[in-house]
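**Student:** With the sequences and hints as input, model every part of the structure.
If you read the protein sequences in the order shown, they are chains W and Z.
First residue of the first sequence: 1, per the working numbering; consecutive thereafter.
First residue of the second sequence: 1, per the working numbering; consecutive thereafter.
Honestly, the hints are just simulated from the structure, not real lab data.
Model, not experiment: these values are computed from the prediction.
Be a bit skeptical, because a hint or two may be false.
[To be verified] Covered by chain W, per the in silico footprint, the following chain Z stretches (three or more residues, Cβ under 8 Å):
1. 23 to 36
2. 41 to 50
3. 106 to 115
All C-beta atoms in this analysis are idealised placements derived from N, C-alpha and C, irrespective of residue type, glycine included.
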Amino acid sequence: DTEVTQTPKHLVMGMTNKKSLKCEQHMGHRAMYWYKQKAKKPPELMFVYSYEKLSINESVPSRFSPECPNSSLLNLHLHALQPEDSALYLCASSQGNRGYTDTQYFGPGTRLTVL
Amino acid sequence: AQKITQTQPGMFVQEKEAVTLDCTYDTSDPSYGLFWYKQPSSGEMIFLIYQGSYDQQNATEGRYSLNFQKARKSANLVISASQLGDSAMYFCAMRELPDNAGNMLTFGGGTRLMVKP
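**Tutor:** Structure below.
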C-alpha cells in the first residue's frame with residue numbers, strides 16, 4: 001500500500017472551474033513533487049518543494065498553482081484549464097537529501113479531464 | 001540527446017518465464033542512481049529497485065534484479081517467474097548529482113510488458 005495518498009482519484013472540470021488536487025505523505029519526507037503524465041508518455045516534472053519551499057517550477061503555466069502548507073501536504077490549485085491539460089497528475093515524495101540515492105515514492109494519481 | 005533509452009516499446013512474456021527489460025543511459029557524471037518503476041493501468045508508479053553507480057553488486061529485490069553493466073551504461077531489469085500481475089508499463093529513470101535546482105529524475109520512454117497466461 002502506498003504511503004502517498006492523492007484525492008480525488010478522478011476529476012472532471014470545465015474550463016472556467018477552480019479545483020484543487022491534494023496529496024499527503026506519511027513517511028516524514030521533506031521533498032514533494034507534482035508530475036503531469038499524458039497517455040503512453042513518461043511523467044513530466046512540474047514542481048518540486050523542498051523543506052516546504054518551492055525549489056523547481058518547470059515553466060508551468062500560471063493556471064497551475066502549487067501550495068505546500070506543511071511538510072506532509074501538497075496541493076495543486078487549478079484555474080481556467082484547457083482541454084490539453086487533461087492528464088494523470090502524480091504526486092511523489094522523497095527524503096529530500098541531495099544525494100543521488102534519494103528515492104521518489106509516488107501516489108496513485110488523479111485523472112483529470114478538462115471539458 | 002536522450003539520457004535514458006528504453007528500446008522496447010512493448011514486450012510479451014509467457015507466465016512463469018523470466019523477462020529482461022532494457023535500459024541504457026547517458027551521463028558524464030560518475031555519481032548517479034538508477035531506478036525502475038512499474039505503472040499498472042491504474043496509474044500508480046510503484047518503485048521497484050535501485051542501483052547506485054558505485055554499487056559493486058547488482059541490486060535484487062524479490063523477483064526483480066538489475067543487470068548493471070557500467071561500462072556499457074546499461075541497467076536492464078530482470079523479472080523472474082513472470083506473473084499475470086506483472087503486466088504493466090515499466091520506466092527506467094536516472095538521478096545524477098543535483099544542481100542547485102533540486103532532486104530531478106530523468107525517465108525513459110517506458111516499456112509495456114504483457115504477460116500471457
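**Student:** Mind checking, does the region 41 to 50 of chain Z have 3 or more residues with a CB under 8 Å from chain W?
**Tutor:** holds (count 7)
**Student:** Check whether three or more residues of the region 23 to 36 of chain Z sit with their beta carbon closer than 8 Å to a beta carbon of chain W.
**Tutor:** Coverage by chain W holds here, the residue count being 4 at a Cβ distance below 8 Å.
**Student:** With a C-beta cutoff of 8 Å, work out whether three or more residues of the region 106 to 115 of chain Z approach chain W closely enough for the coverage to hold.
**Tutor:** holds (count 4)
Figure legend: structure checked against the earlier numbered hints; every hint is met.
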